[in-house]
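2 protein chains.
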Amino acid sequence: MYDLLKGLRVVEAAAFIAGPSCGLYLAQFGAEVIRIDTIGGGPDFRRWPLAENGESLYWEGLNKAKKSICIDLARPEGRELAQRLATAPGDDRGLFVTNFPVEGFLSYERLKALRGDVICVRVMGWADGRPALDYTVNAALGVPSMTGFADDPRPVNHAFPAWDFITGAYAALSLVSAERARRIGGGGCEVRIPLSDIAATALANFGLLAEVLMTGQDRPRQGNDVYGAFGRDFAIKGGRRLMVVAITARQWRALLQTLELEEQIAELQDELGVTFAAHEAVRYQHRERLYPLFEAAFARRTTEELAPAFEAAGVCWSEYRTLGEAARDDSLFARNPVFGRASQPSGLDYPVPGPAATLIGKPRGAPAPAPVLGADTDQVLAELLGMSSGEIAKLHDAGVVAGAPK
Amino acid sequence: MYDLLKGLRVVEAAAFIAGPSCGLYLAQFGAEVIRIDTIGGGPDFRRWPLAENGESLYWEGLNKAKKSICIDLARPEGRELAQRLATAPGDDRGLFVTNFPVEGFLSYERLKALRGDVICVRVMGWADGRPALDYTVNAALGVPSMTGFADDPRPVNHAFPAWDFITGAYAALSLVSAERARRIGGGGCEVRIPLSDIAATALANFGLLAEVLMTGQDRPRQGNDVYGAFGRDFAIKGGRRLMVVAITARQWRALLQTLELEEQIAELQDELGVTFAAHEAVRYQHRERLYPLFEAAFARRTTEELAPAFEAAGVCWSEYRTLGEAARDDSLFARNPVFGRASQPSGLDYPVPGPAATLIGKPRGAPAPAPVLGADTDQVLAELLGMSSGEIAKLHDAGVVAGAPK
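Protein chains in written order, with numbering that gives the first Met the number 0: chain A, 0 to 405; chain B, 0 to 405.
None of these hints come from the bench; they were simulated from the model. Here the structure is a predicted model, which is why all the values come from computation and not from measurement. Errors might be hidden in some of the hints.
To be verified - DEER-style ranges, computed between Cβ atoms: (1) A:G53 <-> B:A311: 34 to 40 Å; (2) B:K5 <-> A:N52: 45 to 51 Å; (3) A:F44 <-> B:A312: 45 to 51 Å; (4) A:G53 <-> B:G103: 25 to 31 Å.
Said to hold, decoys possible - According to the in silico footprint, chain B covers these stretches of chain A (three or more CB under 8 Å from chain B): (5) 18-29; (6) 79-89; (7) 354-362; (8) 382-394.
Stated by the list, open to error - Below, computed lysine to aspartate or glutamate pairings styled on EDC-like, alpha-carbon distance capped at 16 Å: (9) A:K393 <-> A:D377; (10) A:K361 <-> B:E318; (11) A:K236 <-> A:E294; (12) B:K236 <-> B:D116; (13) A:K393 <-> A:D116; (14) B:K361 <-> A:D150.
Ideal Cβ positions, reconstructed from N, Cα and C, are used throughout, including at glycine.
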């Protein structure tokens, strides 16, 4: 938890990963992020994995450091409340993140009518409003067709929802950028960020789209080979696997030296009339000749032998681990200052992350937990909308809002 | 190109994807981003894929909308110039993005000595400074062990460098957030963002780490099944495959209705004593019973039959396509306003993306191309450091800086 965005008050009405991770990043940088949930929780409130007490580890992971207000969003009075929260007055308010549809009660037009300079960041599926999720965008853009080994034609979906998380970070960047523009007189705006555009632009931004259009060919699936450089997984003595990459000449030389492959590589260079250190693509072009030499060298060595030599020489490598194995790596979790302990709704005690960034020399503090659903209902109504306790009580009585379960 | 960040002057000294994509996102939101390259280009300047004229489609994709200055970074005079650019005076300057090592001539200490409130966002591999790339972080965190099918034990690397791109967006968020804090009196700071912490926090942020620690079990690889809900790939008549997901009850009902599976599902519910619409996890728990019904229903239908019915009902789906097939989808590329034409150094004519976000009602303009290496050397030295043409000429003569090739 840092205070870079201290004072900003962001209202979030969003489910699943992209929208909530946007709010998470803002909250962990010090913004006050108020999450609106429908009474009893939205469609992601019981999303798996669940703890034994029924709380969602998914929800509590994505909603850390936020406040929670529960509103019956099916009723006109509840919808009006949500609109008023999204457009609350004040220089540092009127900042709204949502994945609600373009049309409807949280449309930009409705919000703008209440506050002319509202900033609304809307995460979407397809740009035209059709539903899409990370999984379907991934299939539509061709990534599963590029993933996996050439000897198996099945498409392979990514296991980590990358488009969702890129969208979340990019949405947070968009909101803070739009707030900067508003503060210096630029007014408000609606920013739409479809997962489909995040994916399409990302695949273009490192040259892959241009390559496919230029060559008229899809990039073939090539297992764990790193495109355009030397990199692959190799089995070591005992059967475990390592991922090794040499993009720079320095990494390449370090690898050869550690594996004592210099002579064999020199012979191969003479035979082929190339210099592998000259450019990483030379190593890629001749990778089928290189691999057997490396396979043999790795098969003779254990991690215990390789690790210190690799570290000393600056080789870029890692053992393949499962997440369970990685979880026992204290430098990543238990002793990593990015993680700490927090009283999450699940009651489980596990390493909880604060922001991924570290501000050197600034106190980081403990990571803030996710709220209990509805824990901040009354406070938010009083502070953002200036409601009296009598007005708030009436809303409770009418079932328009709800607090945390007693 | 939008002008949300107009006036900000960011200096970037970074290679590969994470750092340069941070600068790209800032530039496409209107910041002036000046990229420092060593004379002749850094380690990513000829990274594959290449165009026929030898220009890197990778580099020109990642460095769009930036300015370029070439400095001999091996020489003390060149290093001093880089330090002075990173710490140039002015309210909207002193903003630096890099992947150079923590120690060395671009250390925070060196920069801070020149400008006390400099903001330095440093993208790293491991948090302790050891080298890591997207591929090795991925292996170390266990994602390739979760990816792919249960009948094949090989680890499967992701084909898209997700950690790099999340890091880039998060670094851009960090820089704009830190600039906000500085403007209201918070001073400067060094922000370190290791790929390893981006990956570790992301895997924790949607409950996966907590699940693994709670159960003591890794999540098994399960092909293209969506965890905790109904979702998988299915072959349709003719052999192509679709990805279909039903997380919400509405998506589930739409899917059953379109596939005319309501009766069969009702029978299965009676047999199992469950209600599939009640929670997506019920569908996940009994997925092995559900799949055969869906397999049969899909195998009888073509995309031509399914697509209009799916769209009308609001089913969340997509055909699996290759990127080459997706590239012919005009709504994604050729007619997508997010893409346009730009005079890239490669000379190729292809759809080039601007920012992934769309500000409704604001003119987007054409996407700005990447610079020719060194094209802005003189202008940057004059504007940021106030150098005279005589001083600049001396630097050229001494080989400390270089401009674009004539």
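ask   = Looking back at the numbered hints, which does the structure fail to meet, lowest number first?
value = 3, 4, 6, 8, 10, 12, 13, 14
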